[in-house]
Amino acid sequence: MREFHFEIMVEFYFKILPYLTITITYVFFSLLFGFLLGALTAYFRLSKNPVLKAISGAYITVMRCVPSIVFLFLVYYGLPGLMRTHFGIDMNDVDAIVYVIITFSIMLGAYTSEIMRSAYLSVDHGQFEAAVLVGMDSLTAFRRIIFPQALHAAIPNVGNIIIFMLKEGALAYIIGLQDVLGRGYYLNSLKANAYSMETYLALTLIYWPLTLLLEKAFRELEKRHSIAFLIQKKSSGKEVKA
Amino acid sequence: MIAIRNVKKSFGKLSVLQDVSLDIKEGEVVVILGPSGSGKTTLLRCISFLERASAGTIAFGDDVVDLKHASKKDILRTRRREGFVFQSYNLFANKTAFENVYEGLVSGRKVPKKEAKEKALEALDWVGLLDRKDYYPAQLSGGQQQRVGIARAVALEPEVILFDEPTSALDPELVGETLEVIKRVAKRGITMIVVTHEMSFAQDVADKIVFMDGGVVVEEGSPNDIFTHPKEERTKQFLKRIIGEFVYEI
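Top line first, the protein sequences correspond to chains A and B.
With the working numbering applied, the first sequence corresponds to residues 1 to 242, in that order.
With the working numbering applied, the second sequence corresponds to residues 1 to 250, in that order.
Subject to a maximum C-alpha distance of 27 Å in a straight line, what follows is the list of computed BS3-like cross-link-like pairs (lysine-lysine): (1) B:K13 <-> A:K48; (2) A:K233 <-> B:K133; (3) B:K113 <-> A:K234; (4) B:K231 <-> B:K208; (5) A:K48 <-> B:K8; (6) B:K117 <-> B:K183; (7) B:K208 <-> B:K187; (8) B:K133 <-> B:K110; (9) A:K48 <-> B:K68; (10) B:K117 <-> A:K233; (11) B:K68 <-> B:K8; (12) B:K133 <-> A:K223; (13) A:K234 <-> A:K216.
Short derived list, chain A residues pointing at chain B, Cβ under 7 Å: (14) A130; (15) R144; (16) Q149.
With beta-carbon atoms standing in for the labels, derived distance ranges: (17) B:S36 <-> A:P67: 51 to 59 Å; (18) A:S226 <-> B:H197: 35 to 43 Å; (19) A:K48 <-> B:S141: 32 to 40 Å; (20) A:L46 <-> B:N6: 26 to 34 Å.
Bear in mind the hints are in silico, worked out from the structure with no lab data behind them.
On a predicted model such as this, the values are computed, not experimentally measured, just so you know.
For every residue, glycine included, the Cβ atom is placed at its ideal position computed from N, Cα and C.
Using the sequences plus the hints, can you model the full thing?
The structure is reproduced here in C-alpha cells:
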C-alpha cells in the first residue's frame, strides 16, 4: 500500500471546504421546495377528493420506486429536451445546480408528504373536533392545536430527511456540479487520481461533523418540543404536587 | 327554545337516525337514554356538524339551520351557540388546563384576552381545579380532565351544552366527582342535552328523559314517567335490563 499523505489531506480539506456553500445551497432549496410540494401532496392525499388522492398517491409511489441517481439523469437529460420542444425554452446555459434542486425538490416532495401525513394523523382527531366546537374555524384549529403537535411528531423524521438530502445530494457531482464531492473529485483528478484516500477522508471529515451536528440539534429540538419538557419547565421553580 | 326537527342520518346503507325531533326549553336538562347503537351520540354529532346529517334542521329561536346544507358560516354560528363535552375529554394535549379553557375563549369566541383570562380562571375554580391550572392533560386524572372539559364548555357561556357520555371513559371511582360537577352545571340553569348510561344521575337531574332505540325516539317524558310508568315495551325492556345489571353488580 502506498504511503498516506496527511498534508495532502489537509490541503484538500481546506480547498474543498469553501464549496460547502454550494452543497448547503442545494440542500436548502431542495428542502424548501420539497417541503412546499410535500405539504401540498399531503393535503391532497388527506383530502376527500378521489382524483387528488389518486394523483398524489401515484406521485409518491413513482418517486419511491426511482433511485435518486436515475431520476437525476432523467431530469438532467430529459428536461432540456422537454422544455425546448414543448415550451421553446433553451436550457443550455442553465447551471447544473438548478437540475439538482429540481430533482431533489421533486423527490423530497414525495418523501416529506408522507412525513407530514403521518405526523398529522398522529394527533388525535378528537382534539380537532374539540377545537372547532369551541368555535375555531378549521384553519385556526389546525394552526393552534394540530400543527404544533404534528410538528413535534415530525421532528425526528425531518432531521432524517435533512441528513438524507445532505448525503444524497453528493450525487450532484455526477452531472458536473462542483459541490464538496465534485471539488474533491476534481482536485484528485488533477493529481492523476493518486490521492483518493486523502480526498475521501477529507470529504468524510467535512460530512461527518455536519451530520453529527444536525443529529444532535434535532434530538435537542425534539426534546424541547415534548410535553414532558413543557411540564418540566412549568414546574421548575415551584413545588410539584403529585 | 331549541327545536331539532326530522334529523336523519345514514352511513352508507345503515340508517342510524330515522327522523328524530326534539324540543328543548331554555334551562331544561334533557337526558337521552338508550342502548348502544340507538343513535344518541350520532344525534349530538349531527347537531354540532361533526357529522353531516342526511336531513333535518336545528333552530335556536327563529334561527333555523339546515343540518344537511348548512354553509360554513351557518356551521360556525351554530357551533358558537353550543358547548360540547366529549366522552374521551379531547383536551388539547399541548395546552395546560388553563390554556385549554382560555384558548376556546380567545381563538374560538374572540373574547378579549384580559376578560378571557378572568373567565377561564373562574371556570376552573368552579370545577374545583384552580390549583391544577398549570397542569397538562397528561398530568391529570381522567376525572380531572373531564372537569377541565366541562370548564372549557361552561366558560364559553353557550346556549346549550351537549354532553356525549361524559363519564363512560372514567374509572368507576372518578365517575362521582364528574357527575357532581355536571349536576352543578344543571343547577346553574344552563340548557343541557346529556347522553348517558348513569340512571340514577338521569333521575336526579333530568327535566325530561328521552328514550331512543333503533334511530328513533321511542318515548319521552319526565323521569318519573319514564322510570316508574314507562309506556312502551322497548323502554320497559331496556330499563329492566339496565336495572337488572345494576342489581347484579351489587
